[in-house]
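The numbers in UniProt numbering rise by one with no breaks, and the one at position 52 of the sequence shown is 52.
By construction, these hints were calculated from the structure, which means they are not laboratory data. Fair warning: there could be bad hints in the mix.
Using C-beta positions, here's what the derived DEER-type ranges look like [unchecked claim]:
#	residue 1	residue 2	range
1	LEU104	THR70	48 to 56 Å
2	GLY47	PRO74	16 to 24 Å
3	THR102	LEU52	21 to 29 Å
4	TRP66	ASN103	38 to 46 Å
5	PRO73	ALA101	44 to 52 Å
6	THR81	LYS107	33 to 41 Å
7	ASN100	ARG55	26 to 34 Å
8	LYS38	ILE3	18 to 26 Å
9	LYS85	MET1	37 to 45 Å
Please read all numbers here as calculations on a predicted model, not as lab measurements. Think of the CB as a built atom: it goes at the ideal place given N, C-alpha and C, for glycine as much as any other residue.
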Amino acid sequence: MNIENTKAQMRKGVLEYCILSILNGKDKYTSEILDTLKDAKMLVVEGTIYPLLTRLKNAGLLNYRWEESTSGPPRKYYTLTETGKLFLKELDTTWDELRNATNLVTKTKNN
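Please model the complete structure; the sequences and the hints are all you need to start from.
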């Protein structure tokens with residue numbers, strides 16, 4: 001079994017949650033989202049994020065708007081919809097429960 005594959009699958013499992021969290025409270029364009037994920041060691045490439053952003057938009061969780069840029073072509077800024085904010089709130093609760101359960105299991109394992 002390849003450890004890198006398992007680590008990648010673990011990151012993929014939380015990627016939607018991370019993107020929604022990044023957009024909570026501030027509109028961002030794709031490279032800002034990617035930079036935030038990379039800074040957090042999420043190791044995401046553009047080929048992964050564009051289909052995910054489209055899927056989240058199609059699900060009604062995100063909207064986007066075009067904004068002119070002084071340093072190049074127009075940029076597509078993503079924002080959470082009201083549905084996206086509610087969805088994120090549910091994911092926050094689920095994440096807390098999952099983190100607590102995982103901590104309990106892994107701490108028990110180490111005793």
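These are the hints, each one checked on the structure:
{"no.": "1", "hint": "LEU104 <-> THR70: 48 to 56 Å", "result": "holds, 51 Å"}
{"no.": "2", "hint": "GLY47 <-> PRO74: 16 to 24 Å", "result": "holds, 21 Å"}
{"no.": "3", "hint": "THR102 <-> LEU52: 21 to 29 Å", "result": "holds, 23 Å"}
{"no.": "4", "hint": "TRP66 <-> ASN103: 38 to 46 Å", "result": "holds, 43 Å"}
{"no.": "5", "hint": "PRO73 <-> ALA101: 44 to 52 Å", "result": "holds, 45 Å"}
{"no.": "6", "hint": "THR81 <-> LYS107: 33 to 41 Å", "result": "holds, 38 Å"}
{"no.": "7", "hint": "ASN100 <-> ARG55: 26 to 34 Å", "result": "holds, 28 Å"}
{"no.": "8", "hint": "LYS38 <-> ILE3: 18 to 26 Å", "result": "holds, 21 Å"}
{"no.": "9", "hint": "LYS85 <-> MET1: 37 to 45 Å", "result": "holds, 38 Å"}
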